[in-house]
Amino acid sequence: MVLTDEEQAMLDGDRGPAVRKAMEILVALGESFGAERLIPVANVHMAGSSVLVAEEAGTCFVEDIRAQGGVFVTNVTTNPTAVDPSQWAELGIPESDRVLQNRLTDAYAGMGANTCNTCIPYLVGNAPRFGEHMAWGESSAVVFANSVCGARTNREGGPSGLASALTGRTPAYGFHLKENRYGKLLVRVNTLLEDMTDYGSLGCFAGRVAGQDTPVFVGLPSDPSPEELKALSAALAAAGAVSMFHAVGVTPEAQTLEEAFGGRVPEAEIEFGDAEKADVEASLNKETSDHVDWILIGCPNASVQEIREVATALDGRCVHDGVTLWVTTAPAIYTMADRVGYVRAIEAAGGTVVRETCPFLARSRAIAPAKGYRTLTTNSAKMAFYAPGQFGLPTHYGNLARVMRAAVEGVWR
Amino acid sequence: MSRIVLTGRRIVKGKAAGEAIVTREAISFNGGVDNMTGIVTEPGHELEGGSVAGKVLVFQTGKGSTGGSYKIYDMVARGTAPLAFVQVTPESITTVGAIIGEIPTVASFDIDPTAAIATGDYVEVDADAGLVVVQSGRGTND
Numbered sequence: 032m033v034l035t036d037e038e039q040a041m042l043d044g045d046r047g048p049a050v051r052k053a054m055e056i057l058v059a060l061g062e063s064f065g066a067e068r069l070i071p072v073a074n075v076h077m078a079g080s081s082v083l084v085a086e087e088a089g090t091c092f093v094e095d096i097r098a099q100g101g102v103f104v105t106n107v108t109t110n111p112t113a114v115d116p117s118q119w120a121e122l123g124i125p126e127s128d129r130v131l132q133n134r135l136t137d138a139y140a141g142m143g144a145n146t147c148n149t150c151i152p153y154l155v156g157n158a159p160r161f162g163e164h165m166a167w168g169e170s171s172a173v174v175f176a177n178s179v180c181g182a183r184t185n186r187e188g189g190p191s192g193l194a195s196a197l198t199g200r201t202p203a204y205g206f207h208l209k210e211n212r213y214g215k216l217l218v219r220v221n222t223l224l225e226d227m228t229d230y231g232s233l234g235c236f237a238g239r240v241a242g243q244d245t246p247v248f249v250g251l252p253s254d255p256s257p258e259e260l261k262a263l264s265a266a267l268a269a270a271g272a273v274s275m276f277h278a279v280g281v282t283p284e285a286q287t288l289e290e291a292f293g294g295r296v297p298e299a300e301i302e303f304g305d306a307e308k309a310d311v312e313a314s315l316n317k318e319t320s321d322h323v324d325w326i327l328i329g330c331p332n333a334s335v336q337e338i339r340e341v342a343t344a345l346d347g348r349c350v351h352d353g354v355t356l357w358v359t360t361a362p363a364i365y366t367m368a369d370r371v372g373y374v375r376a377i378e379a380a381g382g383t384v385v386r387e388t389c390p391f392l393a394r395s396r397a398i399a400p401a402k403g404y405r406t407l408t409t410n411s412a413k414m415a416f417y418a419p420g421q422f423g424l425p426t427h428y429g430n431l432a433r434v435m436r437a438a439v440e441g442v443w444r
Numbered sequence: 003m004s005r006i007v008l009t010g011r012r013i014v015k016g017k018a019a020g021e022a023i024v025t026r027e028a029i030s031f032n033g034g035v036d037n038m039t040g041i042v043t044e045p046g047h048e049l050e051g052g053s054v055a056g057k058v059l060v061f062q063t064g065k066g067s068t069g070g071s072y073k074i075y076d077m078v079a080r081g082t083a084p085l086a087f088v089q090v091t092p093e094s095i096t097t098v099g100a101i102i103g104e105i106p107t108v109a110s111f112d113i114d115p116t117a118a119i120a121t122g123d124y125v126e127v128d129a130d131a132g133l134v135v136v137q138s139g140r141g142t143n144d
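In order, the protein sequence lines correspond to chains B and D. Under the working numbering, the residue at position 329 of the first sequence is numbered 360, and the numbers go up by one with no gaps. Under the working numbering, the residue at position 136 of the second sequence is numbered 138, and the numbers go up by one with no gaps.
Simulated from the structure, these hints should not be mistaken for lab results. Any given hint might turn out to be false.
Chain B is faced by these chain D residues, among others (derived, beta-carbon under 8 Å) [to be verified]:
id : residue
1  : A28
2  : Y72
3  : D76
4  : P92
5  : I102
6  : Y124
Predicted, not measured: the structure shown is a model, and the values here were computed from it. Virtual Cβ for every residue (Gly too), placed ideally from N, Cα, C.
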């Protein structure tokens with residue numbers, strides 16, 4: 032790998048041990064992947080913001096970097112944590128996680144991070160620019176940024192994101208290079224996509240087939256909402272190791288089918304019709320009983336619009352006895368939703384708007400048994416995909432209307 | 003007892019020597035290995051129930067969540083990490099974990115290390131030179 036004089040000096044330790052360690056990470060990564068050089072980045076979204084990912088060791092590592100004089104030289108936003116700052120005890124989050132989380136968040140903030148603590152940084156002020164090279168973690172945000180915004184990022188884990196934030200560099204390989212951004216798999220959509228859940232089902236279907244490859248969708252509606260695109264992004268990244276998709280006529284690097292494939296022939300072609308949609312929905316909606324106890328809206332984090340829809344669905348009704356409703360969101364979005372009364376409306380109906388964490392990044396393996404939760408009910412394909420394996424809860428999966436009916440009636444229909 | 007030398011590419015610098023544990027499958031360090039003990043827990047994995055702690059791990063490649071890098075760092079602190087990684091194909095999660103945990107790592111060999119090395123062989127890893135020296139049979143005869 033060819034380094035500039037400045038980069039070589041960083042690697043030699045001229046800017047201290049934290050920057051040296053960071054350059055070692057980036058150079059080793061670059062060499063593993065055949066990168067020829069590093070490229071400047073000014074925008075990092077940090078995976079590994081939750082102690083559920085970092086644990087004690089990762090927290091110590093981030094603290095050590097800060098103690099060694101580490102300072103972020105890029106804009107840095109952070110992913111959700113393991114802790115709601117004001118309601119953690121009521122939610123069943125262990126005190127030990129709160130203590131460790133404070134240490135980790137303080138270490139990031141102390142080096143200059145904007146601790147927005149959300150998986151949707153693009154909706155709270157970190158909006159990627161077309162063609163911008165970035166170092167983002169959080170697989171759903173990576174897919175959204177590459178596909179919907181046309182920014183360029185690989186899937187960065189906690190340490191490599193930290194290394195980019197300390198140096199302002201990332202290795203030039205993968206999705207930074209245009210030749211790696213073309214589609215490989217053609218997906219013909221031949222069914223109506225009516226809401227976020229349908230887009231999530233599509234993402235789950237295509238992600239399973241695509242693996243690491245980039246799918247190209249034709250037949251998508253021309254006007255999907257940001258919420259629908261984030262649901263699609265999240266499900267693609269969960270069911271596959273997808274980093275990017277194209278939707279012909281919708282996403283910026285796919286004005287035509289030829290542009291999406293870079294003039295090449297698709298390696299494979301699949302169809303998503305009524306039958307495929309029903310199959311995916313059934314595969315995620317596996318719990319056979321009608322028992323409902325834990326409901327989750329907001330994976331990825333809910334927008335103000337989604338919170339409004341939950342508040343509207345609960346208007347004049349109450350969450351059923353024995354049912355816990357979480358609507359998970361970013362602190363910034365919580366504040367906006369609070370201003371316009373949606374938070375109060377949901378709370379008055381017996382629901383909870385949760386900030387800065389979610390069932391993935393909080394210790395659900397401790398929360399669920401402590402609270403007696405036996406199932407998870409959600410409109411999110413990503414959450415339904417992960418919940419059975421990650422925290423041992425079988426799922427009910429359906430659209431928002433169906434999930435909110437379960438919240439009010441206390442049974443899954 | 004025979005002696006074989008494999009030539010690969012240095013991924014993370016350093017030297018180590020010890021008993022090998024070998025798998026042709028990929029390993030996830032976030033969810034597939036217990037960081038408290040070093041025991042492989044992934045259901046159905048070729049190494050399920052075996053321990054990577056204090057051994058030279060010879061494996062296909064890494065997989066799974068990027069949280070695996072921190073898990074490797076955590077295992078080093080607990081003394082449950084492998085001594086060295088000998089990998090068929092390098093990838094980012096184990097590479098980053100090896101850098102921050104200072105685990106010597108060599109990959110991309112002239113011959114397949116998962117075929118040339120058997121579990122129990124004594125292996126010397128010189129990552130700086132990109133070399134892995136295998137003392138075959140020593141693990142069972144000594």
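Results for each hint:
1. Interface restraint check for A28 (chain D): the shortest CB-CB distance to chain B comes to about 12 Å, outside 8 Å, so the restraint is violated.
2. The beta carbon of Y72 (chain D) comes within 3 Å of a beta carbon in chain B, closer than 8 Å, and the hint placing it at the interface holds.
3. Residue-level restraint check for D76 (chain D) holds (minimum Cβ-Cβ distance to chain B is 3 Å; threshold 8 Å).
4. At its closest, the beta carbon of P92 (chain D) sits 4 Å from a beta carbon of chain B; the interface hint therefore holds under the 8 Å criterion.
5. For the restraint placing I102 (chain D) at the interface with chain B, the shortest Cβ-Cβ distance is roughly 5 Å, inside the 8 Å limit, so the hint holds.
6. This hint is violated: Y124 (chain D) has a C-beta 27 Å from the nearest C-beta of chain B, more than the 8 Å allowed.
The structure shown violates the earlier hints numbered 1, 6.
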